[in-house]
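Peer 1: Taking the hints into account, I'd like the entire structure generated from these sequences.
Chain order of the listed sequences is H and P. Using my numbering, the letters of the first sequence correspond one by one to residues 278 to 628. Using my numbering, the letters of the second sequence correspond one by one to residues 226 to 547.
Quick caveat, the hints were computed from the structure, so don't treat them as lab data. Watch out, some of these pointers could steer you wrong.
Derived, one-sided and incomplete: chain H residues facing chain P with beta-carbon distance under 7 Å [stated by the list, open to error]:
#: 1; residue: S346
#: 2; residue: S351
#: 3; residue: A354
#: 4; residue: R355
#: 5; residue: D481
#: 6; residue: G486
#: 7; residue: Q487
#: 8; residue: A511
#: 9; residue: R562
#: 10; residue: V564
#: 11; residue: L565
Computed from a predicted structure; not experimentally measured. Backbone N, C-alpha and C fix where the C-beta goes; we use that ideal spot for every residue, glycine too.
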Amino acid sequence: MTARMPTSHDNARQSDAAPLLLLRNLRKTYRLRRGILDRLRGRSRDVNAVDNVTLPIPEGVILGLVGESGCGKSTLARLMVGLTQPTGGEVVWNGTALPALSAQERREFRAGVQMVFQDTHSSLNPRKRIRVTLTEALAAHGVPRSRRAARIAGLLDQVGIDPQFLGRFPHELSGGQRQRIGIARALAMEPSLLVADEPVSSLDVSLQGQIINLLRELNASLGLTIVLISHDLAVVARICDQVAVMYGGQVVESGSPGKVLSAPSHPYTQALLDAVPRGLARRARAVLPIESGPTEAGCRFRPRCIHAVAVCADQEPAPRAVGSGHLAACHLARPADIAADRVGQLTESNL
Amino acid sequence: MTDQDLLRVEGLHVGFRAGDQMRDVVRGVDLRVKPGEVVGLVGESGSGKSITALAVMRLLPPGAAITSGRVTFRGRDLMEANNSEMNRLRGGEIGMIFQDPLTALNPALPIGRQLGDAIRAHQSVSWRQAQTRAEELLALVGIPFPKERLRAYPHELSGGMRQRVMIALAVSSNPSLLIADEPTTALDVTVQAQVMELIDRIRNEFGIAVLFISHNLELVAEIADRVTVMYAGRVVESGGVETLFATPNHPYTRQLIRCVPRLDGGRGAMPTIPGLPPRIGSLPSGCPFAPRCEVAEPRCSAEDPPMRWRGEQMAACFLAAS
Chain H
278 MTARMPTSHD
288 NARQSDAAPL
298 LLLRNLRKTY
308 RLRRGILDRL
318 RGRSRDVNAV
328 DNVTLPIPEG
338 VILGLVGESG
348 CGKSTLARLM
358 VGLTQPTGGE
368 VVWNGTALPA
378 LSAQERREFR
388 AGVQMVFQDT
398 HSSLNPRKRI
408 RVTLTEALAA
418 HGVPRSRRAA
428 RIAGLLDQVG
438 IDPQFLGRFP
448 HELSGGQRQR
458 IGIARALAME
468 PSLLVADEPV
478 SSLDVSLQGQ
488 IINLLRELNA
498 SLGLTIVLIS
508 HDLAVVARIC
518 DQVAVMYGGQ
528 VVESGSPGKV
538 LSAPSHPYTQ
548 ALLDAVPRGL
558 ARRARAVLPI
568 ESGPTEAGCR
578 FRPRCIHAVA
588 VCADQEPAPR
598 AVGSGHLAAC
608 HLARPADIAA
618 DRVGQLTESN
628 L
Chain P
226 MTDQDLLRVE
236 GLHVGFRAGD
246 QMRDVVRGVD
256 LRVKPGEVVG
266 LVGESGSGKS
276 ITALAVMRLL
286 PPGAAITSGR
296 VTFRGRDLME
306 ANNSEMNRLR
316 GGEIGMIFQD
326 PLTALNPALP
336 IGRQLGDAIR
346 AHQSVSWRQA
356 QTRAEELLAL
366 VGIPFPKERL
376 RAYPHELSGG
386 MRQRVMIALA
396 VSSNPSLLIA
406 DEPTTALDVT
416 VQAQVMELID
426 RIRNEFGIAV
436 LFISHNLELV
446 AEIADRVTVM
456 YAGRVVESGG
466 VETLFATPNH
476 PYTRQLIRCV
486 PRLDGGRGAM
496 PTIPGLPPRI
506 GSLPSGCPFA
516 PRCEVAEPRC
526 SAEDPPMRWR
536 GEQMAACFLA
546 AS
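Peer 2: What follows is the structure, given as structure tokens:
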């Protein structure tokens, strides 16, 4: 059963052209290794890390990908940049599926899609000075030797790092500075898509904003398309043009943050929002029922869902439109009804 | 007032050996925890909040030492306590939970065995009694099928369940103080909410005082009665949770609160604090926050700021209202 999402989203910047990157019915299955007895008995279990995800990434947007650990968002990121091969479905780059790219197009894809990682300790070579790390990236991108110094100066300027740091090793930099270098290294390839996997979650609150603002500026000044994987819904609400909420390997809700995070249609999105700590506003939060793994039949979220009805156990909900560019994979999602209720609540809390 | 304090830290200095000298990372910290209350200790990485907690337990890493100050628990000077007395306190009167339960639990032993050992280390009960108590504790912290779970190894449990086991271990000896160092940082928000609820419930049911260490202002605001804010090894502000977060009196607290992303915070650039926290060994003179402070004056970089009191709220700042 293939559930296809319409590819139209209500983003101002989106044209009618094909999205920069399109994930179509994408699937990634990992086989769990079990004990020898299980294997002799022919028992094995597959885990669908990414299960039939269709998601267009239009050029020029910042797309937020949210969900709890284990929901498949990091696997999806690795599929996007070609670090992992899909079990099913396809990744379409500028209108061409990855396996069909010519050698030249493949090189362009490799450079054009770059990744920024959460852990700046392990993603930068600890034994190489910053200058070497950046020079290697430029060399890999075919920038002639004579132009590298000028290009490095330009990159450092873009990410807000003083050139005096070029001679230093990663451990001599702060976490925020290392993350800026990670971004500079990605920019060296002149990418059109940057996939940032929890880029600020290991940074202090006072510094997180600096990196998030840098990503915003790069999006505005270079037109860089960004996929921001984050567990921080407030950050996503603040800077993303589109949001995709994942649960159990599937995108359960997507659309603009004004819709998905202010007027959610999927009970899981609602539960995630309710769980965000809001002690500073003196507000209590609601607690989801005890964790339990996603199920294989019916709706993945059903065991934790307070609204679940009989159909949820039998049929897997397909994404349906609940508003302009707003999709929710829930049998109970209706245009506007839950939404109106939620808007009322938010307006109250804004007062 | 002083004899009401369960834990008192006064003028604590902790130094790390650097070459042949000591560099102070904790520089004159005062902290009080009364019986049954939750004190939030807030600060960014490198502020000295975790080192303060380790110093209280006398669990400082090699190369670090308390250079001056006093730590008293129930009026007893812990600097004078011998090792066996400290061993009775740790995991006895004072329970501890850490950020990463996977490294704090023994991966090679079932959790029932670990709970049993912990119980028998502080109470003279039989192995069988200890197992019964362990089962009760697992039920108490909300672990389903507690009897079956006694045989589970840490890797067989989810992150949230492991942290529940840690809490069960920490409360197994009926402590009067629980030190929780970033207990929910590694957890998803939904699981985090459950663990926070559990800590709050345990505190209410058993009247256990909690020293809750976190960089997350939202969490601290949710659970604490009083809050102490640290920056560069010093306490910059302390006071009751409501007044401190509603009317912060130190520019660092004020600027930090503004940085916390909020769902109803609108769209656009995020507020930030310019610059970086000072590095140990290159601390500026005067107020350590002065280089990043939006209201700093020339005297802030020249002299140490005074402690200004406004009722119960203290702010170490020349410009704090009093």
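Peer 1: Each hint: holds or not?
Peer 2: Checked hints:
| no. | hint | result |
| --- | --- | --- |
| 1 | S346 | holds, 6 Å |
| 2 | S351 | violated, 13 Å |
| 3 | A354 | violated, 17 Å |
| 4 | R355 | violated, 20 Å |
| 5 | D481 | holds, 4 Å |
| 6 | G486 | holds, 3 Å |
| 7 | Q487 | holds, 5 Å |
| 8 | A511 | holds, 4 Å |
| 9 | R562 | holds, 5 Å |
| 10 | V564 | holds, 5 Å |
| 11 | L565 | holds, 5 Å |
When each numbered hint is compared with the structure, violations occur for hints 2, 3 and 4.
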